[in-house]
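Line by line, the protein sequences give chains W and G.
First residue of the first sequence? That's 0 in numbering that gives the first Met the number 0, and the numbers climb one at a time after it.
First residue of the second sequence? That's 0 in numbering that gives the first Met the number 0, and the numbers climb one at a time after it.
Possibly wrong hints are sitting among the right ones.
One copy or any two copies: either way a pair holds, since identical chains are not told apart in the list.
Pairs of lysine to any residue, SDA-like flavour, derived with a Cα cap of 25 Å [unchecked claim]:
{"#": "1", "residue 1": "Lys104", "residue 2": "Lys167"}
{"#": "2", "residue 1": "Lys104", "residue 2": "Ile21"}
{"#": "3", "residue 1": "Lys104", "residue 2": "Asp91"}
{"#": "4", "residue 1": "Lys176", "residue 2": "Pro129"}
{"#": "5", "residue 1": "Lys167", "residue 2": "Thr34"}
{"#": "6", "residue 1": "Lys176", "residue 2": "Leu24"}
{"#": "7", "residue 1": "Lys99", "residue 2": "Phe276"}
{"#": "8", "residue 1": "Lys176", "residue 2": "Pro31"}
{"#": "9", "residue 1": "Lys176", "residue 2": "Leu27"}
{"#": "10", "residue 1": "Lys99", "residue 2": "Ala109"}
{"#": "11", "residue 1": "Lys46", "residue 2": "Glu163"}
{"#": "12", "residue 1": "Lys176", "residue 2": "Leu95"}
{"#": "13", "residue 1": "Lys99", "residue 2": "Val201"}
{"#": "14", "residue 1": "Lys167", "residue 2": "Ala29"}
{"#": "15", "residue 1": "Lys176", "residue 2": "Asp35"}
{"#": "16", "residue 1": "Lys176", "residue 2": "Arg38"}
{"#": "17", "residue 1": "Lys176", "residue 2": "Ile224"}
The set of hints was computed from the structure by calculation and includes no laboratory data.
Protein chains: 2
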Amino acid sequence: MTSAPFDTQLAACAQRTEAFLIARLDGLTAAPRLTDAMRHGALGGGKRLRPFLVEASARLFGVEEREYLAAGAALEMVHCYSLVHDDLPDMDNDHLRRGKPTVWKAYDPALAILAGDALLTEAFRVLTDPQLIADSETRSELVAALAVGSGPDGMVAGQVLDIEGETKRLDEDDIFKMQALKTGALIRTGVEMGAILGRADVETRAALVLYGVHAGLAFQIADDILDVTASSHALGKTVGKDVEQNKSTIVSLRGVDGAREILEHAVEQGIRALNGFGQDAEILRILIRHFAEREH
Amino acid sequence: MTSAPFDTQLAACAQRTEAFLIARLDGLTAAPRLTDAMRHGALGGGKRLRPFLVEASARLFGVEEREYLAAGAALEMVHCYSLVHDDLPDMDNDHLRRGKPTVWKAYDPALAILAGDALLTEAFRVLTDPQLIADSETRSELVAALAVGSGPDGMVAGQVLDIEGETKRLDEDDIFKMQALKTGALIRTGVEMGAILGRADVETRAALVLYGVHAGLAFQIADDILDVTASSHALGKTVGKDVEQNKSTIVSLRGVDGAREILEHAVEQGIRALNGFGQDAEILRILIRHFAEREH
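Using the sequences and the hints, build the whole thing.
Set out below in structure tokens:
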């Protein structure tokens, strides 16, 4: 890794990802209103943490920027699609996202459903572009990893368990399982995609996945804490939704202090998983601490 | 191809596809209610015409059943996801599909959104399973073709143009473009997936794609004619929706007789595209006539 400060590296990754997404979306001309709604859902917001996870993991293996940028952007498209669908009236019914109207508010619910579908589908197309990722085995494994992380064995399953948690009491195990799927799966997938791009051996890939699991846990618990402690203004989205929707979270079960303890433990375990990587993985250590300490 | 009658071959393909989907869905245990909703949307209905297109095309090249079955099932999952989302209250607001309640009616709209998302995502996972499709280049190309056919350069774009057609008058060119994307793209993709599995050369693949374009056109025009001539009972879904929703179709522009002429022409063109294939492609010739003459 370069020695540039963390914030500089993160901002540079976000800028590259934004440019990639802009160019990619500009190429979609079949239905202009659809592309506009996709732009609304995918551009101009977000810290692009998931692409940065792909990048930080891939750079451990000397992967070329062109390849990790494409993989990171595909992962971000999946993340953005999930937000577009999550915000729908039939789902969370959210009006505000990253400080601007959600896609269904800016357009209409039908177009938001289709824009989400299109972002998801296009992500898989990006991963199979031989101009972007040279090796076909790598392309195929990236698609498989993204499908596992985002589909019915991953993120979507977590969303269903999350909705079920609104009407039944979840115990701590249920909550950990739900969160590992809902938020954790895509974060883990990001680190895993870097390992796939790097053709890492089984043990190395497993160590990075273990780091990713703890990074996902840290991210989610920090999010739950912010939901009760932050302001709407700082967060750029509606806060207090968990309590309002009667959602079970680690915070509702353990309180803020109890949640902070679990958060600290997750950060320690994540950093421990990186023991074999030495100084090269410093950016991943900083990243998991960043997840834990973020204020928005 | 075997010499079994068309109907027998079609039914056998449907049975194999159903069995494949049942087994695949049984393997998804993370969120049981999600899997149930996916089953509701994917199992027990449909003639599985798209998997049969993959099979009929792939068998021109001696592709193994294991491979074309997986590719056909993946295509069918995408078709089913599109129906699940199409039926949503914010989209077509349909209550009946294949003679049973739509997924959102049987469950709820949120679960229908997520079940659709999950079917789409899982389709790409199926295509990248090395146990099902041996060659990585083939897996990657199948994903790319399916993403192009179903995403913002294909089916989803067509759905957006179709919705726009409810509030503005479409001319004949607009309607052909919309239909080529909305219905045609997946049908074309089915034939194309067979060619990809068979590692067909560029010219052979192009000839099959041309056939697929005309097969898609024939399928859609026949559908539009049925919407004004068939009964709800025969069709297993609500009819007369096009007129009710003020949708522009070839039938609304040219009348039933005019539409039948265009349909006949599409069948001829599709059959002409198969000239280089001789007797091997007979099943594809029967298939496009079946599209044109179907009564439900």
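Check each numbered hint from earlier against the structure, then list the numbers of those it violates in ascending order. Numbers 4, 7, 11, 12, 13, in rising order.
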